[in-house]
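Number of protein chains: 2
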Amino acid sequence: MLHKKGQYNIAVAGATGAVGRKILEILEERDFPVAKLKALASARSVGQSLKFKGNPVIVEELTEDSFEGVDIALFSAGAGVSRQFAPFAVKSNCIVIDNSSAFRMEPDIPLVVPEVNPDAVGENPGIIANPNCSTIQMVVALKPIHDKFRIKRVIVSTYQSVSGSGQKAINELRNQTRSLLDGEAIEPNVYPHQIAFNCIPHIDTFIDNGYTKEEMKMVNETQKILGDSSVMVSPTTVRVPVFYSHSESVNVETISPISAKEVKELLSGLDGLQVFDDPASNEYPLAIDCAGKDEVFVGRIRDDITCKNAINFWVVSDNLRKGAALNAVQIAEYLVSR
Amino acid sequence: MLHKKGQYNIAVAGATGAVGRKILEILEERDFPVAKLKALASARSVGQSLKFKGNPVIVEELTEDSFEGVDIALFSAGAGVSRQFAPFAVKSNCIVIDNSSAFRMEPDIPLVVPEVNPDAVGENPGIIANPNCSTIQMVVALKPIHDKFRIKRVIVSTYQSVSGSGQKAINELRNQTRSLLDGEAIEPNVYPHQIAFNCIPHIDTFIDNGYTKEEMKMVNETQKILGDSSVMVSPTTVRVPVFYSHSESVNVETISPISAKEVKELLSGLDGLQVFDDPASNEYPLAIDCAGKDEVFVGRIRDDITCKNAINFWVVSDNLRKGAALNAVQIAEYLVSR
Numbered sequence: 025m026l027h028k029k030g031q032y033n034i035a036v037a038g039a040t041g042a043v044g045r046k047i048l049e050i051l052e053e054r055d056f057p058v059a060k061l062k063a064l065a066s067a068r069s070v071g072q073s074l075k076f077k078g079n080p081v082i083v084e085e086l087t088e089d090s091f092e093g094v095d096i097a098l099f100s101a102g103a104g105v106s107r108q109f110a111p112f113a114v115k116s117n118c119i120v121i122d123n124s125s126a127f128r129m130e131p132d133i134p135l136v137v138p139e140v141n142p143d144a145v146g147e148n149p150g151i152i153a154n155p156n157c158s159t160i161q162m163v164v165a166l167k168p169i170h171d172k173f174r175i176k177r178v179i180v181s182t183y184q185s186v187s188g189s190g191q192k193a194i195n196e197l198r199n200q201t202r203s204l205l206d207g208e209a210i211e212p213n214v215y216p217h218q219i220a221f222n223c224i225p226h227i228d229t230f231i232d233n234g235y236t237k238e239e240m241k242m243v244n245e246t247q248k249i250l251g252d253s254s255v256m257v258s259p260t261t262v263r264v265p266v267f268y269s270h271s272e273s274v275n276v277e278t279i280s281p282i283s284a285k286e287v288k289e290l291l292s293g294l295d296g297l298q299v300f301d302d303p304a305s306n307e308y309p310l311a312i313d314c315a316g317k318d319e320v321f322v323g324r325i326r327d328d329i330t331c332k333n334a335i336n337f338w339v340v341s342d343n344l345r346k347g348a349a350l351n352a353v354q355i356a357e358y359l360v361s362r
Numbered sequence: 025m026l027h028k029k030g031q032y033n034i035a036v037a038g039a040t041g042a043v044g045r046k047i048l049e050i051l052e053e054r055d056f057p058v059a060k061l062k063a064l065a066s067a068r069s070v071g072q073s074l075k076f077k078g079n080p081v082i083v084e085e086l087t088e089d090s091f092e093g094v095d096i097a098l099f100s101a102g103a104g105v106s107r108q109f110a111p112f113a114v115k116s117n118c119i120v121i122d123n124s125s126a127f128r129m130e131p132d133i134p135l136v137v138p139e140v141n142p143d144a145v146g147e148n149p150g151i152i153a154n155p156n157c158s159t160i161q162m163v164v165a166l167k168p169i170h171d172k173f174r175i176k177r178v179i180v181s182t183y184q185s186v187s188g189s190g191q192k193a194i195n196e197l198r199n200q201t202r203s204l205l206d207g208e209a210i211e212p213n214v215y216p217h218q219i220a221f222n223c224i225p226h227i228d229t230f231i232d233n234g235y236t237k238e239e240m241k242m243v244n245e246t247q248k249i250l251g252d253s254s255v256m257v258s259p260t261t262v263r264v265p266v267f268y269s270h271s272e273s274v275n276v277e278t279i280s281p282i283s284a285k286e287v288k289e290l291l292s293g294l295d296g297l298q299v300f301d302d303p304a305s306n307e308y309p310l311a312i313d314c315a316g317k318d319e320v321f322v323g324r325i326r327d328d329i330t331c332k333n334a335i336n337f338w339v340v341s342d343n344l345r346k347g348a349a350l351n352a353v354q355i356a357e358y359l360v361s362r
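Top to bottom, those sequences are chains G and Y.
Per the numbering used here, the very first residue in the first sequence carries number 25; after that it's consecutive.
Per the numbering used here, the very first residue in the second sequence carries number 25; after that it's consecutive.
Bound conformation, chain G alone (with noise of 0.2 Å):
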């Protein structure tokens, strides 16, 4: 349980990388009540310089003992950094905000996006997971509409920037990207195929049932936010020559009749979410203006002319921000606020 007091002594693991720096520019911008700040890393991040509020944060080692004394800390170093670390953290009573999948599907585990399932937290969390980007933007789109209409179905193709793998692969896509203008050969690294100028749809490793983990995290993680394993989604998620926010062309079926013209209505006004959909003035959610924003963006809101209880629409979020870093300091400043 986290102590009330006026500032908490925070932790980011995987500070270096992109999510990482996310974290700690997020927790600046939103004035996070911050007594104490440590930047954890791997050993051969050790002594890097980062910024917080003006004042240098030198990288220390990620290690069983770097929790003693913090409040809360905030995972981003993959999976297996995460389950052999956060057992520590959580040993020196830190909260632990997991931005890995290594603990997401755990029963006693909660998933948590605030907008959609703050109460999931629990009066005494551990470890409290942070769900994967391109679910937590479709969540945020379907739960009012899971609340009215009930989600009987939902198909979906994602069309995902390379951030979501790291900044090694916004490196992979800009050196790409200028080496085929230049008439240059490039050899894909990051991902199994050139990403620049095209399409993969491959993201995450496949597994026996022909579908990927991102994909499978689409319809597990979307069961457990919404607390309804009656929700059924079918997924492809694709990778495109995006640098930030991620897509997402999605179809939903409801067990009442449902409307486009009601969720533009019922979807107007929410915290966190943003309906921008005037095609006749070409607006509509692009990737490149929702970069460095918080919301989740919605547009193309429109009935399924096959289905009288469906509609589609378009939505986007900054895969950084609402899709990883945002949503975990929100859900520091859930456990701080309450």
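It is worth saying that the hints were derived from the structure and are not from the lab.
Just so you know, these numbers come straight off a predicted model, no measurement behind them.
Ideal Cβ placement from N, Cα and C applies to all residues, glycine included.
Take the hints with a grain of salt, since some may be wrong.
With the Cβ distance kept under 10 Å, some of the chain Y side facing chain G (calculated, not the full set) [to be verified]: (1) 224; (2) 234; (3) 235; (4) 324.
Computed cross-link-like contacts, PhoX-like style, restricted to lysine-lysine with a CA-CA straight-line distance of at most 25 Å [to be verified]: (5) 237(Y) with 75(Y); (6) 77(Y) with 332(G); (7) 77(Y) with 237(G); (8) 332(Y) with 332(G); (9) 237(Y) with 285(G); (10) 176(Y) with 285(Y); (11) 176(Y) with 332(G); (12) 288(Y) with 317(Y); (13) 172(Y) with 75(Y); (14) 317(Y) with 237(G); (15) 237(G) with 332(Y); (16) 332(Y) with 176(G); (17) 237(Y) with 288(G); (18) 77(Y) with 317(Y); (19) 176(G) with 176(Y); (20) 332(G) with 285(G); (21) 62(G) with 237(G); (22) 237(G) with 288(G); (23) 77(G) with 115(G).
Since the structure of chain G is provided, determine the placement of chain Y on it from the hints.
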């Protein structure tokens, strides 16, 4: 009616455009029996020199009199040009294969994909319409599925390359990309928004129901080509920063029970179709690999985990070839071979 002979006089209207050039290339590579080739375009392109079988072809102005003595005219210069000049071609006893949207939904005009509905050409065609690129590759995959399992509903999200908007769009993607990498400002021109490193859920103009014309083409043309107005299509069409080939994420619900295994077998070894589907080896169709190829490539075929009678797949094809120029030339081949 086409009079049987050894070689035919061919005209290409819109010969200097991206699709027009591709038509010349494909007529040559498939050794189409061309007696005389006329390259037609608007006044401002007159005098340009194109190449056909090693010889220069000087572009002539497209006029009402261009089609005397021409057996087959392949139009690819936009709907306005087709509406204006195709009737004169027909008056000159020239069969028109029209790549524009001008006549596709006219009840008396056949809309043809040779692998799917060659018989629609009829005995005595005047104008034959070539379907839209995003429709062609989808129906090539859907037709065998519809024949065996009866399709009820298709939900499709597209990842369409810029070459579908012509040479100007290819240049725009290249120039925008380079400017952005160099940190320079860009000004969208062909598209309403930046296309480099972005996804734009807007192709062609919006209509009152909230869908774009491109989306409604996928609805209406699919029904017409399959000859079955009970096949429902719910589309979302999206422009992505890819030069060549369209990719599509397709969910198909059928009346009869269906399985990924059956569909893989069904689609294997068919004309014009290639199943490329071995996730364990990272094998699935990719835009960059399909560019320059003739076939429609299908992969990621898997059971829809949310519906017993449904599957998901990923279909990719070169939009300038099978999606436009190749399909038009194949219609011409059908005319001369039957």
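Status of the hints after comparison with the structure:
1. Contact between residue 224(Y) and chain G, as hinted, is supported at the beta carbon level, the nearest pair being about 7 Å apart and thus within 10 Å.
2. The interface hint given for residue 234(Y) holds, since its Cβ lies 3 Å from the closest Cβ of chain G, which is under the 10 Å cut-off.
3. For residue 235(Y), the shortest C-beta to C-beta distance to chain G is roughly 6 Å, which falls under 10 Å, so the interface hint holds.
4. With its C-beta approaching chain G no nearer than about 5 Å, residue 324(Y) sits inside the 10 Å limit, and its interface hint holds.
5. Only pairs whose Cα atoms come within 25 Å are accepted, and residue 237(Y) paired with residue 75(Y) is rejected, the gap being roughly 34 Å.
6. Of the pairs offered as hints, the one joining residue 77(Y) and residue 332(G) is violated, with about 55 Å between alpha carbons and a cut-off of 25 Å exceeded.
7. Only pairs whose Cα atoms come within 25 Å are accepted, and residue 77(Y) paired with residue 237(G) is rejected, the gap being roughly 50 Å.
8. Distance check on the hinted pair: residue 332(Y) and residue 332(G) sit about 20 Å apart at the alpha-carbon level, within 25 Å; holds.
9. Between the alpha carbons of residue 237(Y) and residue 285(G) the distance comes to roughly 21 Å, so the proposed pair stays at or under 25 Å and holds.
10. Our distance criterion of 25 Å between C-alpha atoms is met by residue 176(Y) and residue 285(Y), whose separation comes to about 19 Å.
11. Among the hinted pairs, residue 176(Y) with residue 332(G) is consistent with the structure: their alpha-carbon atoms are about 14 Å apart, no more than 25 Å.
12. Proximity of residue 288(Y) to residue 317(Y) is assessed by CA-CA distance (about 20 Å); at most 25 Å being required, the pair is judged to hold.
13. Taken as a hint, the residue 172(Y) and residue 75(Y) pair is broken in the structure, with Cα atoms around 44 Å apart against an allowance of 25 Å.
14. For the hint pairing residue 317(Y) with residue 237(G), the CA-to-CA distance comes to about 31 Å; that exceeds 25 Å, so the pair is violated.
15. For the given pair, residue 237(G) sits about 21 Å from residue 332(Y) by alpha-carbon distance, which is consistent with the 25 Å threshold.
16. Taking the CA atoms of residue 332(Y) and residue 176(G), the gap is about 14 Å. The hint holds against a cut of 25 Å.
17. For a cut-off of 25 Å, the pair hint linking residue 237(Y) to residue 288(G) stands: about 22 Å separates their Cα positions.
18. Distance hint between residue 77(Y) and residue 317(Y) is fulfilled; the C-alpha atoms sit about 20 Å from each other, no more than 25 Å.
19. Note on residue 176(G) and residue 176(Y): the hinted pairing holds, with a Cα-Cα distance of about 18 Å set against a maximum of 25 Å.
20. Note on residue 332(G) and residue 285(G): the hinted pairing holds, with a Cα-Cα distance of about 13 Å set against a maximum of 25 Å.
21. Of the supplied pair hints, the one linking residue 62(G) and residue 237(G) is violated, its CA atoms being roughly 32 Å apart against a limit of 25 Å.
22. A distance of roughly 32 Å separates the Cα atoms of residue 237(G) and residue 288(G); the hinted pair therefore is violated under the 25 Å criterion.
23. Proximity of residue 77(G) to residue 115(G) is assessed by CA-CA distance (about 30 Å); at most 25 Å being required, the pair is judged violated.
Going through the hint list in order, the structure does not satisfy hints 5, 6, 7, 13, 14, 21, 22 and 23.
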